Structures are given as structure tokens and as C-alpha cells.
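*Asks:* Going line by line, the protein sequences match chains E and P.
Following our numbering, the numbering of the first sequence begins with 1 at its first residue and continues without gaps.
Following our numbering, the numbering of the second sequence begins with 1 at its first residue and continues without gaps.
Fair warning: there could be bad hints in the mix.
[Unchecked claim] Now the in silico label distances, taken between C-beta atoms and shown as ranges:
#1 P:Gly572 with E:Ile206: 48 to 58 Å
#2 P:Cys577 with E:Pro64: 44 to 54 Å
#3 E:Ala72 with P:Leu601: 39 to 49 Å
#4 E:Val38 with P:Ala580: 53 to 63 Å
#5 P:Phe76 with E:Met355: 25 to 35 Å
#6 E:Gly371 with P:Asn593: 18 to 28 Å
#7 E:Arg376 with P:Thr362: 19 to 29 Å
#8 P:Ile609 with E:Thr280: 20 to 30 Å
#9 P:Leu612 with E:Pro64: 54 to 64 Å
#10 E:Thr280 with P:Leu564: 52 to 62 Å
#11 E:Cys56 with P:Leu612: 45 to 55 Å
#12 E:Val52 with P:Lys69: 47 to 57 Å
#13 P:Asn593 with E:Thr280: 39 to 49 Å
#14 P:Gly572 with E:Ala340: 39 to 49 Å
If you're looking for bench data, these hints aren't it; they were derived computationally from the structure.
Since this is a predicted model, take the numbers as computed values, not measurements.
C-beta: ideal position from N, C-alpha, C; glycine also.
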Amino acid sequence: MEALRLQLSDLQHLIPELTLIVTALLAALLDLALPRKVSRSFSAWLTLLGIVVAICFTALELNPEEPIQLLAQSYRIDDFASLLKLVILVGTGLVVFMSLGSAARDDIHHVGEYYYLFLPAALGGMIMASSGDLITLYVGLELLSITSYVLVAMKKKSTESNEGAFKYIVLGGISSAIILYGMSFLYGISGSTNLLAINSALAGSIDDVKGLVYLAFFLLLAGFGFKIAAAPFHTWAPDVYQGAPTPVTAFLAVVSKGAGFAILFRVMYWVFGSLTLMGTDLQKDALLSLSVLAAISMIAGNAMALRQHNVKRLLAYSGIANAGYLLVPIATHFSLVHYANYSEFLFYLIAYLFMNIGAFAVLMIVQRSSGNEELRGFAGLYYRARGRPQRPCCSSFRWPASRSRRDFSESCSSSWARCRRNSIGSAR
Amino acid sequence: MANDFTSYAWLVPLFPLLAFLVLIAAGRQLREAGAYISIVAMLASFVLALLIFFERLGHTTDYTWNQLKWLTIGDFQLNMGFEVTNLNALMLVIVTLVSLLVNIYSKGYMHGDERVNVFFSYIQLFSFAMLGLVISVNVLELYIFWELVGVCSFLLVGFWYFKPEARAAAKKAFIVTRVGDVGLFLGMLLLFWYMPGHSLDFSAIHNAFSQGKIDPSIATWIAILVFVGAMGKSGQFPLHTWLPDAMEGPTPISALIHAATMVAAGVYLVARTMDIFQASPDAMLVVAYVGGFTAIFAATIGTAQNDIKRVLAYSTVSQLGYMMMALGLGAATAGIFHLFTHAFFKALLFLGAGSVIHAVHTQDIREMGGLAGKMKITAWTFAIGALALSGIVPLSGFWSKDAILSAAFEHNQLLFWVGLIAAFFTAFYMARLFFLVFAGKPRSDAHAHESPAPFTFPLVVLAVLAVIAGFVFTPFNGWLGHWLGDHAEAETANWTVMILSTLAGLLGIGLGYVMYGKNSVSRDIVAGNAPWLYTLVYRKYYIDELYDVVFVRGLRLIGKAFELFDIYIVDGIVRLCSAAVVGIGRLGLRLQNGQVQTYGLATLLGLLILALALAGRRFFHLG
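Next up, chain E with everything else stripped away, as it sits in the complex (with noise of 0.2 Å):
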């Protein structure tokens, strides 16, 4: 077997994720060298510039003549890759500059830190959204999770902060097990770590081996279903995303999850549901199951969430049922009168992206006005601060206005709550 050498030309094609090593790397070095006194907000620019300019990266490397492939398939720039990662810069983006506001007063007290921790999480979800190999989509994933455990843990005085970033971390490693158990089993069969080469192998054996496969199958489903909080792997999510910081839960729940699903979507399209595998039992069963997932995810997730008060759990299940949408497109598979499944799943993605990271900015506003994350804090809402929902981002800096009206706030009726109280009384 030919050794593999990353070539010096072949550089050029991961110019982006260069972009945010060295900004990663550049940030934390100023971090560490410049004194105490000096305040740590140009980690902030300084990484959104690094996330600005692998974004303009990113766009010149759309619609490449052919995929450009790294390593022996095991790195692959295509357009699937290059739109995914897009979401995850852009995703990014949004959550840095929502947390310009915040930080440092989100008892976060390594604001430096804080801010470039960013930068290697998403890397690691733009690794996933290209790998064609096992052990690439592995190290991705892992980079990725392991900074989000850091990243959850930042409000180091706060007890829920500390509580979720322990769960996820003890849960993500098991997740983490469970996938690499699923893979050993993968390699096992097949004799190789590439995707394409396993599903070439899956297709000659599978007869042999059904049950391997099988197994192999559904662990990765529970690892992979457990990186997109889909239900029944989704427990973890609502105790973590109410102790992360809320700029950290959104990027969760959005560039997280998201990435969760390029390598979901990689996997389930090149080994498991491929058409070179069309009309087995295998790719119906996996079809199948993740419709179930799917389904599970959606009843499950917006059920629970109609319980909630607190709105970072309320936000968490609402993931939860998302992710069942997200599934669908993966779940029914290409065929010669349905086709546009990855563009549904891309503009699905793109809308919850938007829709969540907005979400999420006003809950912070939100959040400081009513000096807590309960539903009642948005009661009124709509009296004192007209058209601040609609403008969420934008908002996100101009919010001590809005602290002078919090005694305003107590004395509107809770109209929301009251909505809330009724349908719930006529529920029952």
C-alpha cells in the first residue's frame, strides 16, 4: 500500500480550515503573552475576522470542476462539504457576535478563551462535513465535542454551568464508545477505514455478515443520534443546553447539531442507504429506522417541550423535534421521483439556523430584563419593547435599555402565561 503524503499543493484546498488554526492559534498566543490589564475583547474581532475570512474561502471553493479528494478519499471538498460548512461558519458567526454583548458579564471570566474556543469547534465540524473516512470523521467529531465540553463549562462559578458540561462530557464519551465500537465493527468486515471501499465490501458480503452489519448499524445510528440530540438519545440536551451559556447553547444546538448531521447524512448516503445497496433488506431497515427516529424525535420532543417553563429546556426540546425534521430528508431516500433531498435538508438546516441563533438572542435580552430564563419573562413582551423580536441580533447590543423597564414588566399582565394557564386547563 502507497503511503499517504499530504502533498504542499494540496494546502491550498484547506486554506479555510488554515484560516482558523492559525487565528486559533494566533488569539490564544496574544492571549497568553499580553498582560492581565489588557482587556480580552480583541479575541472576539479577532476571531470573527478569522470566521469572516474562512467564509470568503469557503464561497471560492463552491463548485469545484470536480470533488477534490485528500489523502485517498479521505478528505473530500465538495459542494456537500462546502455548503455545510458555510452553515457551520456562518452559524459560528452569529454566535461570536451575539456573545460580543454578553460575556463578560455571563460571569465568564476567561473571556480570551472563551472566544477562540470557538474557532476549533467549528474546524472540527467542517472535518466532519468533509470526510469520506472513518478516522477523519472521528477526529473531527471529537475535536468538535471536546471543545464544546470546554465551551459548556465556561461559567466555572456557576453550579448548572459545571453540572451540564459534567453530563455531556460523561455522556459524549459514551456516545463517543459507541460509535467507535460501531466503526471497529465497520473495519472489521471490510478491512478498511473509507467509506466507499466499506460500502463496496458491505455490497459483496453482506450475506456473511448480516448481523455484524447490523450491529455495526445501530450503534452508529445511537452515537450519531446522540450527537444530534435525537430522541432516545436525546437526554443530555436539556440539562446541558440550560447550564451552558446561552450563546453556547445556541451554537449547540445549531452548528453542533448540524455538523452531527453532515456526518450522519455522509454515512447514511455512502455505506448504509447508498444505491449500491438499493432494494436490500439492510439499506430498508436503515431507511426505516432512522424514519422511526424521526418520528420518535418529533412526538417526543414537542411533547415535553409543551411542559416546559424554562425556556432554554422549552429551546432544547424544540432541538430535539427539529432533529426528527432534519431526519426526514435522510430517511427517504433518492429515488428517480424524489431527488432533492440534500437540498431540502440544507434549506431546512439554513431556516432552523437563522430561526434558532434568533431565538436565542432574544431569550438572552429576554433573560436580562426579567433577570431569569422562566416563560413569565416574555410576559408582556410585546408592550415594552416593540419590535425588539423582530430584530433580535441587532438588539443583542442595545440591551441595558431595556433593564430600565424591568419594574415595567412586573406590573404588565401576563398575557403569556395566562394563554399558557388556559391551555393547559382545557387540556385537561
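Guided by the hints, dock chain P onto chain E, whose structure is given.
*Replies:* Okay, now just chain P, sitting in the frame of chain E:
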């Protein structure tokens, strides 16, 4: 002759619509200006209507514009537009004039009401609908405005919705007229089905029916159904019950909608589709007899009512009966002529009543009295209106009633005597009303005084009109009949009829005077000697009670049954759904206990169950 103004007739309804939109959009900010916007809009409409009217004086050909495509179904195309005939032009003037005066009056009457601009916006919407109805080019367009007028009536009757009576009256007005509307709708469907080319245009209807292209039995059905619609709107027996109750609305509304304009829409509809009725002698007979019966029936009820507005309301029902009777006898001009004069003196009477109510704060005539000295203008104008209504020479009511009675005298002696007796009762209850309210001594200690100018100005204008409006169509001057294109109208003076009707009127007034003015005959002469008769009339022949037993209770029972179905079956399913969702949520949340080990276990169990359920069925050949 040019159609300079006629071609802009569509602007007439547009002014009130614009005012309505402005008032709806900026009602609260406008405050006092709302009334002026309404008055100016109505003035613009009135001026234009007047110009159109003068332009049409020499015309007999209709002006039609129907280029607005509304519906295209297969080959069938329905166009909307507007049409100006001489009848329309006359109606435009009546509606805009009365509406303008009522707007001015309302500025005084509704002063201080919190929702005064809402009130004005409703009036504007009503005026728009009524004017649109008048210039409609086909039956469907008329029907649309017909319903819109009904909605406005509902809104305005229930304007003081905090009064339970007003709410009930609004509902009743809406539901009872709706019964009639169903008839009109069915008539329209039949018309659509049988008309050549499915045309609903009035001109096409005119041609088809006057040339006898429609089978007479079908024509009878269509005519009867259209008449049912007219009965609902114009308060003809047996659909008259809503009109007296509608007096719960503000008095200007009673004057505008429930006396002068909207209730005349039924008469107008019959006159507009006269060709259909003329194709069917049976339908004509029905119209004539229903009208005649309503005229005498409502007039007798009017003699025993104690609410000033209710007396006038029953008088309105009775006069509408006269109009219908005239139409049914083929004397269309006489019917329209009575509509024309009645609009002025009945609006005058209602506005006068409003002025009285404003002064003494009660509507019960037994608590009034001696107001003539304190409210001179109101008393004089009211007297003119009452005399006109009683048919006293030479006021307008005399000429129009005479035209109807002459027609009845020639065609149907029975209806002539019915009309004559009704005229006697009319004169009697008006005399009773006038003497109780304005003559004698005050029966309460209210300090009444004359109402301010916004009240009295419309009263004076209407009083003048009530005096002179009759001269456009007298036995000596048949101009109106020629202009409206009704050449069959008799122009010879029928002295018998004139003398008899004058006698009936004078007799009624005289009896009223001796009973209520001079008190030389006991008031309780009927109530004392034949209490059952008095009670029967006082309770309005128990029609409301009858409807309650026959229709309302049965319908309510059916409604209750459906309500039970709704509560237990439909709501039950909804509750089941929500209970299921809540249950799932509760079950799912039981997992969320905060323990990492539980979470891990849930993940593992989920994986196992999923794998066993989906893969297991393959391996164990279960699915």
C-alpha cells in the same frame, strides 16, 4: 343628452366608503372631526346624486356600465358595474338626502358617546351599501349589497351592545331578515337557472320577462321567492317582528335605516324586478294581499303601544304594507311615490321623537305631555309629519296615499276598504301619539327644553319636504309616473277616493282628539269593555309568542342536541388528543431526572429496543 354626471354615479357610494375607511383607520385620533368627515362625505354624495337627478330629468333611457369582470365559469361570465335608471336616480337622492340630514342630526344626538366615531363609520358603511344596492347592475351585485346593508343594520341596532335588549334586538333583526334573504337567494338561483344565457342583469330580466320568454309558473316561483326576500327587509307580515324591536338602536338609526332607507329596499327590489311580478298575476295578488294585510295589521297594533318609537315602528310596517299593496296592484309609481314621501315624513317623525327623547329621557308616552310649549320647533315639525302620515290635504302623505287608494279602488275593492280602515287607524294612533306627547299637562317633572340646532335643522328641512314632496305626482300632475316610465297610471282625479280618505283621516284624528286631547271620551273605553281585544292588540297579536313556541323552542332543542354532540364527541376527541400529548410529555419527562446514570441507561435501552424492534424482525422472521 349628455351623461356627464351619470357616468360618475359610481362615485356616489364611494364617498361614504372612503369616509368609512378613514374613520375605521383613524377613528380614535379624529375625535370631533369624525362627524364632520361623515357629513362632508355625505354632502358630496348628495350633491352628485342631485346633479345626476337633474341630468336625468329629461331622460328615459337607462345608463349602464358593466365592464368589471367578476366571475367566469366556462362560457358564463358575470360582470359587475352600475346602472342609472330614473328610479335609481330618485332613490339616490332620497338616500343621500336623508342620510345627510341624519348625519347632521347624529352629531348632536350622539354627542358625548364614547364610540361616536364607530357610530359614524357604521353609518358611512351603511350608506355605501345602500347606495351600492340602488345602482347595482345585476341581482347578484344587489344581493351582495343587500347582505351588507343587513350587517350594518345588525351593527347599528346593537350599537349599545351593553343593553341586553339591544343585543337581542340586533340578533333578531339579523336572523329574521336572514329568513327572507334565503328566499331571495333561492329566487336568484332559479333566475340564474331559467334566464336565457344565465344572465342576472336587470335589463336582461326586463327583456326576458316582458317578452314572455319565461314559463309563467316558473315566474310565479321566482317572484314569490324574491318577494320573500323583500318581506324580510321591508318588515311585511309574517316577517315584520324584527322591525319594532330594532328600535333599541340609536334614534337617528331608526330614522335612517328602519324608516326611510333600508326597509324601503324590499319595496325597491320589487319595483326593480316588477317585470317578473307582472309575468305572474298570482304573485301580484300575493304581494297585494300581504301588503294590504300588513298595512291594517300593523296599524291596529300601533294604536295600543306606549313606546314612542314603537308606535312609529308599527306605523312604518303599516306604510310599507301600503307600498307593497300598490306594487301588487300594478301601480308601481304609486308605491315608489309613497316610498318617496314616506322617507321624508317618517324620518322627520323619528328625528322628532329623538329630539323628544333627548329632552325628557324616556320613551314612554304616558310619562310625557305638554311638551308643545317647551319644544316649539319639535312640536310643529312633528305635527306636520303626523298630518302628512295621516294623509291630510295638501301634505305629501295625502297625495301618495291617495294614489295607492285610487289604484286599489279601481282594481280591488276589498283592498281599498282595507287601506281605508288602515288609514283611519293611522290617523288615530298618530293623533293619540301627538296629543299624549305634546298636549295636556306634563306627567313627569322632567325639565324639557328645545334641542339645539343640529337637531332642529334636519327637522325643519324634512318638514318642508314633507309638505311639498307630494306635488310631484298628483291627479293633476302625472309627471313622476311618466318619468318613471309607468304609462298605465291613471291621471284622472278620483274624487270619491279623495273624499273618503280625507274623511278617514279626519275621523281618526277627531277620535284621537276627543280621547286624548280633550279627554271627553274615556281612554279605557276599549280596555274596559273588551279587555281581551285590548290585550290582543297590546301584545301584538301574540305573534312573538307564537314564533317562540313554533320555531324558537324547536330550533333551540335541535341546537342543544348538537351542542351535546359538540361537547362530548368533538371536544372529547380534541381533549383526547391533548391528553395523549400531555401524557407523552409527562412520560418522557419522567426520564429527565437529572441523573447521568439514568440518561446513559435510557440511551442504551433506546438503542436496544430500536435494534431489536427493527433488526430483530428480520432475524426472527416476524415482519
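*Asks:* For every hint, state whether the structure bears it out.
*Replies:* Hints, one by one, checked against the model:
About 50 Å separates the C-beta atoms of Gly572 of chain P and Ile206 of chain E, a value consistent with the hinted range of 48 to 58 Å. Separation of Cys577 of chain P from Pro64 of chain E is about 50 Å and conforms to the stated range, judged on CB atoms against 44 to 54 Å. The beta-carbon spacing between Ala72 of chain E and Leu601 of chain P, approximately 40 Å, falls within the hinted interval of 39 to 49 Å. About 58 Å separates the C-beta atoms of Val38 of chain E and Ala580 of chain P, a value consistent with the hinted range of 53 to 63 Å.
About 47 Å separates the C-beta atoms of Phe76 of chain P and Met355 of chain E, a value inconsistent with the hinted range of 25 to 35 Å. Gly371 of chain E and Asn593 of chain P have their C-beta atoms about 27 Å apart, which keeps the hinted 18 to 28 Å range intact. Separated by about 52 Å at the C-beta atoms, Arg376 of chain E and Thr362 of chain P break the suggested range of 19 to 29 Å. A hinted range of 20 to 30 Å holds for the C-beta pair Ile609 of chain P and Thr280 of chain E, which are about 24 Å apart.
Under the hint 54 to 64 Å, the C-beta atoms of Leu612 of chain P and Pro64 of chain E, about 44 Å apart, miss the expected range. Checking the proposed 52 to 62 Å range against Thr280 of chain E and Leu564 of chain P shows it holds: the Cβ atoms sit about 56 Å from each other. Roughly 49 Å separates the CB atoms of Cys56 of chain E and Leu612 of chain P, a value that falls within the hinted 45 to 55 Å. For Val52 of chain E and Lys69 of chain P, the hinted distance range of 47 to 57 Å is satisfied, since their beta carbons lie about 55 Å from each other.
For the pair Asn593 of chain P and Thr280 of chain E, the beta carbons lie near 41 Å from each other, so the given range of 39 to 49 Å is met. In this structure, Gly572 of chain P and Ala340 of chain E meet the distance hint of 39 to 49 Å, their C-beta atoms being roughly 41 Å apart.
Hint compliance for this structure: hints 5, 7 and 9 are not met, and every other hint is.
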